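Novice: In this text, residue positions in the sequence shown follow my numbering: the first is -1, and each later residue adds one.
The hints are simulated quantities; they were obtained by calculation from the structure and are not laboratory data. Keep in mind the model is a prediction, meaning the values are calculated, not measured. Check each hint, because a few of them may be wrong.
Here are the simulated lysine-lysine pairs, DSS-like style, with alpha carbons at most 30 Å apart [stated by the list, open to error]: (1) LYS333 x LYS304; (2) LYS92 x LYS498; (3) LYS3 x LYS103; (4) LYS273 x LYS432; (5) LYS302 x LYS212; (6) LYS307 x LYS3.
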Amino acid sequence: MSYPKPSVVTDFQQACSSNDWDALVVISPDLNLPDATSVADFLTAAGKVDLRIGKEPVLMVNDLVPGSRLIFSPTGALARDYDDSRRFYDAANKAAELVRASGAKRPLFYINGAPDTELFSAAAEVAYFGASQALWQPLEARESKVEAEIEPVEEIGIFSNHSVSDCWLGAVELGRRAARDLCGTEPERMSPPKFAEYCEALFEGTPVKVEVIKDRDTLEQDYPLLSAVARASWQVERHHPRVIRLEYTGEGDIDRTLMFSGKGLVYDTGGTDLKVGGAMAGMSRDKGGGAAVAGFIKAVAELKPKGLKVIAEIGAVRNSIGSDAFVTDEIVTAKNGIRIRVGCTDAEGRLVMGDILGRLAERAVDEVNPELFTVATLTGHAARAMGPYTALVENGPARRNGVSQKMAYYGDMFGDPAELSRSRREDWDFVKPKTLADDLLSSNTAPSSVTARGHQFPLAFLAIASGLDKHGNDSDQPLPFVHIDVAGSAVENGDWQHGKPTAAAVLMMAATYLR
C-alpha cells in the first residue's frame, strides 16, 4: 500500500541543502521563523507585492529552498478560546494540494509557531495527517488509473521543535488509509465479500488473525439480528453478508483488552422503509464505523504494542430490499433470547452490531481490563446534534473510568475531536417494549435527526440487546462500554456522496491507546 511516508528531520539547515527534498512547505501562524530567517525575509519582501501571503496558501519560486518551490500556508490565529490543533491540520491540508499541483514528490514541512501547551503539543503530527488526508485518492481511482500519477507524493519530511515519531505516524496513516478505502469505495467494489477480502489482504503477514464467517447457517444461528438485516441480500451471491473477526495479542502479560463491534453497511437502501428523495445517495459510506475498526487494528498490526489485546468483529452487510426483506413490526430474536420489535428497517446498524456486541460481552468477562466499543455511522441525529464531530456515548462503568474523557482529550490534541454524550433514563425508557409480545424496541418510526436524543438512546438498545445492561455499575462485573457514532465526522463537509472519507476515530483511538 503506497502512501506519503513520513520522515522526521532533525537538522533543518542540512535538510534544506540536501537533494532529499524538492519543496519547502512552511506551516506557521506568522513569519517569525527562527530556523529559517532567510525564508522569513523573502516572505516579508514578497508580502509587500502579494497581499495573499499570510492570508492563504501561496506557492512561490525561491532558489534558496529545495526544488526552488516554497509554499507558505498560514494557520491563522491560535490563541483564541476556540482554536485547536486542527489549525495545523487545515493549513497542511491546503498546502498539500499545492504540493501535488506543483509536481513535487518529496516536500519538507517546517512546522512552526505552535503554542507551548498540551493542546498543540502534537502540531507536527497533526500537520502530517492533514497533508496525507489531502493526498489520498479513492481506491477505484488508484485501480483504474496510474497510481503514481494521481498520488505522486512519495515522502513527507517533517521538521519541528517537538519530538515526533515517524514510525508511529506511518503506522497510523496506514490505518487511516485503509479506513478511507473501506469507507469510501463504491458498493460493488466493496461488497461484503470484497470488504472481507480487503481485510484479509490488509492483515496478511501481520500478527493479526483474520477469520471470515460466511456460512448462512452459522450466521443465522450466531448472528440472527445481522441475518435479519441481510435476509434480502441472499438472493444475490455477490451481496452475501460476512462477519470479519480480527484478533491481535501483544507480547508479554496482557494488561488491557480492547473489543470492537463495527458496523459495515456496504449499502443501506433503508430496507423496506426505503430512503427516498435522494436520501440514498452516499449510503455506500455507511460502513465507516467498520472501516474505522479495521483501520485502527491496521495501526495496531504495524506498531505491535506489548501488553495489549484487541478483539473485533465487523458485520459487513447490505441492507437490500426484495421479497424476503425484513420489515417494520417484525419481531426478531437476538442470540441471547431478547425479542426485538423492529421499529424501522432503516435503523439496521444497531441490529448488525447487537449480536456481535453480545458475543464480545460474553468473552469480556474473562479478559484483562476489557473496554468495549461499537463504532458506526449510526444516526443522522449525531450529525445534526454534533455537526462534524464524533459522538461518544458511554455507559456507567466507562464514565466512572473516564474512558470517553480520555479519548476526547487525545482527539482534541491530535485533530480528531469528539463530543461527549450522557446516557440518561429517558433513553432506556425509549426502547422499552409497548406490549408483552416483545422485550425491546429497536427504534421509533421517525428519522433519528428529528427524534429527541436520537443518537443517545441507541446505547440503551445496544446494551440490552447484547446483555451489557447486566454489567453496569451495579453489577459484580462492570464492563466499560462506549458507543462511537461517526455519522457526522466520517466524511468531509458532510457530503456523503462525494466527500472524502476522514477515517474519523482512528486517530483518536490510536492517540489514546497506541502511544
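Novice: May I ask which of the numbered hints given earlier this structure violates, with the numbers listed in increasing order?
Specialist: 1
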